Amino acid sequence: MASTVRRAAILGGNRIPFARTNGPYARASNQDMLTATLDGLVARFGLQGERVGEVAAGAVLKHSRDYNLTREAVLGSALSPWTPAYDVQQACGTGLETAILVANKIALRQLESGVAAGVDSASDAPIAVGEDLRQVLLELNRARSPKARLAALARLRPSALRPEIPRNGEPRTGLSMGEHAASTAVQWQISREAQDELTMASHRHLAAAYDSGFFDELVTPYLGLSRDQNLRPDSSMESLARLKPVFGTRLGDGTQATMTAGNSTPLSDGASAVLLASADWAAQHNLPVQAYLVDAETAAVDYVHGEEGLLMAPAYAVPRLLARNGLALQDFDFYEIHEAFASTVLATLAAWEDPEFCKQRLGLDGPLGAIDRDRLNVNGSSLAAGHPFAATGGRIVATLARLLKEKGSGRGLISICAAGGQGVVAILEAA
Amino acid sequence: MDVDRLADYSRVCGYRLGSTLPPTYPHVLAFPQQLALMTDPAFPFGTAGLVHIGNALTVHRPLPVDRSLALTVSVGPVSAHHRGAQVELVTEVRQDDTIAWESTSTYLSRGASAPGGATVAGKEPVDGPTPPPMPTATWRVPADIGRRYAKVSGDFNPIHLHPLTARAFGFPGAIAHGMWVKAHALAALEGRLPESYRVDVAFRKPLTIPGTVRFSAVAADRGWDLGVWPGSGERAHLLGTVRPT
Amino acid sequence: MSDRYRDLTLSPVGRRVTKTLGLPRPAVLRRYTPGEPLLPGPALLASSGGALGEVLARTLDAAGVELHAADDGTREFAALVFDATGVESVADLAELHATLSPALRHLGPSGRLLVLSRPAGTATSAAVGAARQALDGLVRSLAKELRAGGTANLVTVEEGAEQALESTLRFFLSGRSAFVSGQVVAVTTADRDRAAAPEDWDRPLTGRVAVVTGAAQGIGAAIASCLSRDGAHVVCADLPAQGERLAGVANQVGGTALQVDITSDRAAQRISEHAVGRHGRLDIVVHNAGITRDRLFANMDDATWRSVLAVNLDAQLRINAGLLDEHILGADSRIIAASSTSGIAGNRGQANYAASKAGIIGMVRTSAPDLAGVGGTINAVAPGFIETEMTAAMPFAVREVARRINSLKQGGLPVDVAETICWLSQAASGGLNGQVVRVCGQNLVGA
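Chains as they are written, first to last, in the numbering used here: chain F, 149 to 579; chain D, 7 to 251; chain B, 5 to 451.
Hints may be right or wrong, so weigh each one.
Computed list of lysine to any residue pairs in SDA-like fashion (alpha-carbon distance at most 25 Å, straight line) [stated by the list, open to error]: (1) F:Lys555 <-> B:Glu58; (2) F:Lys555 <-> D:Val96; (3) F:Lys555 <-> B:Gly53; (4) F:Lys553 <-> B:Gly45; (5) F:Lys507 <-> F:Arg521; (6) D:Lys157 <-> D:Arg241; (7) F:Lys553 <-> F:Ala431; (8) F:Lys553 <-> B:Asp76; (9) F:Lys210 <-> D:Val96; (10) F:Lys210 <-> F:Arg155; (11) F:Lys553 <-> F:Asp513.
According to the in silico footprint, chain B covers these stretches of chain F (three or more CB under 8 Å from chain B) [stated by the list, open to error]: (12) 183 to 190; (13) 472 to 485.
To give an idea of the interface, some chain D residues facing chain F are shown, with a C-beta separation under 8 Å as derived from the structure [to be verified]: (14) Asp10; (15) Ala13; (16) Val18; (17) Leu23; (18) Asp72; (19) Arg73; (20) Pro164; (21) Glu196; (22) Pro200.
Because the hints were derived from the structure by calculation, they are not lab data.
Keep in mind it's a predicted model, so treat the numbers as computed, not measured.
Backbone N, C-alpha and C fix where the C-beta goes; we use that ideal spot for every residue, glycine too.
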C-alpha cells in the first residue's frame with residue numbers, strides 16, 4: 149500500500165437548476181435528475197465512456213426500490229457502465245459527505261478520480277403504507293392457505309389505508325426542522341430583520357452571480373428551467389417583511405415568531421455533482437484543478453434532551469476542524485454556510501462570537517470571533533437557490549471551488565447542518 | 007409537450023425523463039391519427055383481428071422535449087403475406103421541416119388476400135438465433151401492464167386489457183402491447199444508443215401477461231441485436247435489431 | 005428524405021405530373037460517407053495545354069480514381085476535370101468547348117464538373133485576362149445546365165500553389181460538396197508549405213481542437229458532428245440556456261460542452277481557457293451562432309438592430325481579436341465564419357441580418373493577412389436555403405419558392421454546410437484564405 153497521503157483536487161461540478169417542489173420537476177424522479185446531472189458533468193468535462201474511479205451519491209427522500217440509485221443512474225448516463233457507484237445518506241449532509249468520501253479515497257490513493265453527487269425530490273417523494281396496513285400485507289405474504297389469507301385481510305380497517313407521507317420532522321421530538329430552528333432563534337435572539345437581511349442578500353448575490361455568468365460552468369438547464377426557480381432577484385426588505393411567520397408561532401406569546409416562508413428554505417427538487425481527482429489524473433486529462441479539499445469534520449449534538457439546538461452541530465464541528473489545521477475562524481476568504489434557515493446561519497455566527505458558548509460548550513479559551521460578513525455566501529446560498537437536501541453539498545462544493553479558482557488563491561470554509569442534530573464541515577484551498 | 011403524459015409514458019415503459027423524447031414516444035402521439043386511418047372505410051382491412059407484426063422506426067436525430075413537432079400518418083400499399091395480406095402504416099415526424107423520426111408499422115390481416123392476387127411477400131422479417139442467446143435480463147411483466155400501457159398510449163385494444171376480453175378474440179389470456187415490449191427493450195439500452203439509428207423489430211409469439219420473459223441484447227455492427235423470449239421455449243416474442251444510420 | 009415535393013416527383017405518378025407541368029424535378033444528391041471511394045465511377049481528365057496535368061493525374065490516381073484521358077462515348081463519367089490553366093485566348097476556349105461539350109452528355113448523376121484555371125487577375129495581357137474570366141461565366145452557366153444533382157465549380161490555382169490543391173480537389177469531387185455549385189474558389193500560394201496532406205483523408209482533422217458556437221442545434225450540431233467524424237476534438241459552445249441540448253450534442257460527438265454567451269466581454273477568454281486549458285491548443289474556430297430579428301428597416305427599433313449585429317458580427321470580431329491578441333491561434337489555425345446569401349444579395353425585412361452577414365464577408369477579407377501572418381486562414385461560408393428551424397419558420401409559399409430557386413431545385417441540409425466547413429478546417433486547406441464559399445446549390449439570390 150502506498151504510504152503518502154496526497155490532496156484531492158476538485159475539478160468542477162454540474163447541477164441542474166433547483167426547482168420548487170411540485171414545479172417543473174414534479175414528474176422527475178431522483179434517478180431522472182441524477183442521470184441528467186451526470187450527463188451534464190460528462191459533457192462539460194468530456195468524460196464520455198470514461199470509467200471514473202467511483203460515483204458516490206445519495207438522496208434523503210428515497211424510494212425503497214432505489215436501493216442502488218446511484219449505480220442505476222450511472223448505468224443510464226454517458227459515463228462508462230464499468231464505473232462503480234454506491235449510495236450514501238447523511239440527511240442534508242449527504243452531498244458534502246459524498247465529496248469527503250471520494251476525496252479521502254483519492255487522498256489514500258485508492259482512487260484516481262471520482263464523482264460525488266446528491267439528488268432530492270420533494271415532489272416525487274416516497275409514500276409508505278401505514279404501519280397497520282404494512283403488518284397486514286406482510287402477514288398476507290406469509291399466509292400459506294386461503295383461510296390464513298382471509299384471516300389476515302379480516303384485520304384490515306379502512307383507516308389503515310391512509311398513506312404515510314414523509315414528514316420534514318425529527319422522529320424523536322416530533323418537531324419539524326423549522327420548529328427546532330425557531331426555538332434556537334429565540335434562544336440566540338435572532339431578529340426578524342437580521343434574518344430578512346440575510347435572505348435578501350442571498351437572493352441578490354445569487355441573481356448577480358447568474359448575471360455575471362458565474363454559473364455558466366456550473367449549471368445545465370433541465371426540463372426547460374435554466375435558473376433556480378426560487379430565485380427572486382427583486383427581493384426587498386419590504387416584500388420580505390410582509391410575510392407572516394410560519395415557524396415558532398407557538399413559542400411563548402407568539403411575538404417571538406420570526407421565521408417566514410421567505411427566510412426559510414422551501415422544499416425543492418434538484419441534483420448536483422462534483423468531479424474530484426488526483427492532481428495526476430487531472431493533468432493527464434488536461435483538466436485544470438480548481439481547488440483542493442483539504443480537510444473535513446463532522447459533529448453531532450444532543451438535541452433530543454434539550455442540550456443543544458437541532459441545527460447547531462456545525463458550531464461544534466468547525467472549531468475542531470480549525471484546531472486540527474492550526475487556523476483561526478478569520479483565516480478564510482470565503483464562508484459557505486448552508487442557509488437551511490436564515491436564523492440557523494445567524495445563530496451559528498452568534499455562537500462563535502459568544503465567549504460563554506465558546507468557553508463552556510466548545511472548551512475554548514475565548515470566542516472564535518466574528519467573520520467578515522462580506523465573505524459570507526458571496527454568490528448566494530440555499531435561501532435563494534432552494535435546498536434539495538442531498539444536492540446542497542455538491543452545489544456548495546462546486547460553487548466554492550469556482551470562487552477560489554477565480555480568486556486564484558485563498559481558502560474557503562463550508563458548513564452544512566443536517567437533520568438528526570448533525571453537521572458536516574470542510575476546508576477548500578485554491579489550487 | 008405534455009410533460010405529465012410524457013412522464014407517465016416513461017414510467018410505464020422504463021425510460022428516464024430527460025431533455026429528449028423516448029424513441030418510441032412519437033408512436034403514441036400519432037396513435038389517434040393511426041386509429042382514424044385504420045377505422046376509415048377506405049382502409050383495406052377491418053381493424054378486428056388485425057395483428058401488429060412488425061415495426062421499424064428511425065431516429066434521425068434526438069427530438070427535444072421543448073419543441074413542437076409535425077406528425078403525418080399515411081397508409082402504404084397492401085401486399086401479400088404467407089398468412090394473409092399485410093399493410094404498412096407510415097408515421098413521420100418533422101422538425102425544422104425535415105424528417106426527424108419515422109416509423110413503419112406492419113399489420114397482418116390473417117386470411118385476407120392482397121389485391122391483384124399479388125404473390126406472397128416472402129420471408130419473415132427478422133430471424134432469431136436458435137437457441138436464444140444468454141439472457142441479459144429477466145422481465146417480470148405484470149398483469150396490469152396492458153391496462154397501464156393502454157392508458158398512456160390510448161391503445162385500448164381489448165386483447166391487452168383483460169384475460170376475458172382477450173379470450174373473446176381467441177387469445178389464451180391478455181397480451182402485452184407489441185410497442186410496449188419494443189419500448190421496454192429500448193429503455194434497457196438507455197445511454198447506449200447511437201446518435202441516429204434504426205430499430206427494426208418483428209413481433210412474433212404474443213406475450214401473455216402476467217409473464218416472466220427473457221430479454222437479450224447483444225452488441226452487433228455498432229448497434230444491437232435484440233430479442234425477447236419466453237421463460238422457457240425458443241419461440242421469441244420479439245426479435246429485432248438496432249443499427250446506426 | 006427531407007423533402008416531400010422531391011419524394012413526390014420520384015414516384016411514377018409524380019414524375020409524369022411534374023414532367024407534364026414542366027415542374028422542377030429535384031434529384032437525390034450524392035453525399036459523403038466515410039470510407040467510400042472519392043467517386044462512384046471513372047473521371048475524365050482533360051486539358052488544353054494546361055500545367056496541372058501531372059499533379060492532377062498523380063493526385064487523382066493516388067485517391068483511387070479511375071482516370072481517362074479521352075471520352076470515347078462508351079462510358080458514363082462521375083466527374084469531368086478540365087485543366088484550363090493553359091487557356092489564354094478565344095481559340096483556347098473553342099478547344100475547351102470541343103472537349104467538354106460532348107463529354108457533358110456522359111456525366112452521371114450527381115456528376116462533378118471541375119474546371120481549373122489561373123486567376124484572371126494575374127493575367128499579363130487583355131486577351132489572357134479575358135479568356136480566364138470567360139471561364140467564370142462558362143462554369144456558372146454549366147452549373148445551371150447540369151441535371152440530376154450535378155455540380156460545376158471553378159478553382160483558380162495560383163502559380164506555385166499546385167501542392168496546396170489536393171484538399172480542394174477532393175472536396176469538389178466527393179459527396180462532401182453536394183450542395184456547392186457554381187462557385188469560384190482560389191487556391192493561392194499563401195500557405196502552401198503548410199498545406200500538408202493528412203495521414204488519412206477520411207480523418208483529416210485528427211488531433212485538432214475545434215470550437216463551434218451555436219452548437220446546441222441545427223447547423224451547429226451538424227458541424228460539431230462532422231468535425232468529430234473527421235477526427236477533431238470539438239468544444240461545443242452555446243448559450244447557457246441551451247445547456248441541456250448542448251450537453252446532449254457534446255455527449256453524442258464525444259466533445260465537451262461550453263456554456264458561454266458569445267456577446268460577453270469574456271467570451272474569447274472563456275473559449276481559449278476551455279480549449280487550451282483542456283486540450284492544450286485551439287486550431288479551428290467555427291463562428292456559427294447567429295440570430296434573426298426580421299422587421300422592415302423603417303419599423304426596426306434600436307434593440308432589434310443592435311441585437312442581431314451584436315451576436316452575428318460584433319461577437320465574432322471581438323472573439324477573433326481576443327484570440328489573435330493572446331496568440332491562441334497559431335500555425336494551421338482556421339477561422340470559419342458563417343455568412344449568408346442574404347449578406348451577399350440583401351433580403352427584404354432582414355436589413356439587420358444582411359448587414360451583419362455582409363459584415364462577416366468584410367471581416368474575413370480584411371483579416372486574411374492577419375491570419376496568414378500566424379500561418380492560419382480565415383474564410384466564410386454563405387449558406388443559401390438550408391432546411392433548419394430558421395427556414396421552417398418561413399411562410400409555406402415563400403419557403404417553397406426559396407427552396408426551389410437554385411440549380412439543384414432543393415434546399416440543402418445542415419450537413420452540407422458542415423462538410424464545407426470541415427474542408428476549410430483542414431490543415432491541407434492552407435491555400436484558401438479570405439474567401440467566401442456559398443453553400444446554396446447556386447441559388448439565384450446572391451449569385
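The hints, checked one at a time:
1. F:Lys555 <-> B:Glu58: violated (61 Å)
2. F:Lys555 <-> D:Val96: Answer violated: Lys555 (chain F) to Val96 (chain D) is near 59 Å, above 25 Å.
3. F:Lys555 <-> B:Gly53: violated (67 Å)
4. F:Lys553 <-> B:Gly45: violated (58 Å)
5. F:Lys507 <-> F:Arg521: It holds: about 23 Å lies between the C-alpha atoms, which stays within 25 Å.
6. D:Lys157 <-> D:Arg241: At roughly 29 Å apart (the allowed maximum being 25 Å), Arg241 (chain D) and Lys157 (chain D) break the hint.
7. F:Lys553 <-> F:Ala431: holds (16 Å)
8. F:Lys553 <-> B:Asp76: violated (71 Å)
9. F:Lys210 <-> D:Val96: violated (42 Å)
10. F:Lys210 <-> F:Arg155: Violated - the C-alpha atoms of Arg155 (chain F) and Lys210 (chain F) are around 32 Å apart, more than 25 Å.
11. F:Lys553 <-> F:Asp513: It is violated: about 35 Å lies between the C-alpha atoms, which goes past 25 Å.
12. 183 to 190: It holds: at least three residues are needed, and the stretch 183 to 190 of chain F offers 4 whose Cβ sits within less than 8 Å of chain B.
13. 472 to 485: violated (count 0)
14. Asp10: It holds, given that the least Cβ distance between Asp10 (chain D) and chain F is near 6 Å, below 8 Å.
15. Ala13: holds (3 Å)
16. Val18: Check failed: Cβ of Val18 (chain D) comes no nearer than 13 Å to chain F, outside 8 Å.
17. Leu23: Cβ of Leu23 (chain D) sits 4 Å from chain F, so the hint holds.
18. Asp72: holds (5 Å)
19. Arg73: violated (11 Å)
20. Pro164: violated (29 Å)
21. Glu196: Given a least distance of 4 Å, the restraint on Glu196 (chain D) holds.
22. Pro200: Check failed: Cβ of Pro200 (chain D) comes no nearer than 13 Å to chain F, outside 8 Å.
Of the hints listed earlier, those the structure fails to meet are numbers 1, 2, 3, 4, 6, 8, 9, 10, 11, 13, 16, 19, 20 and 22, in rising order.
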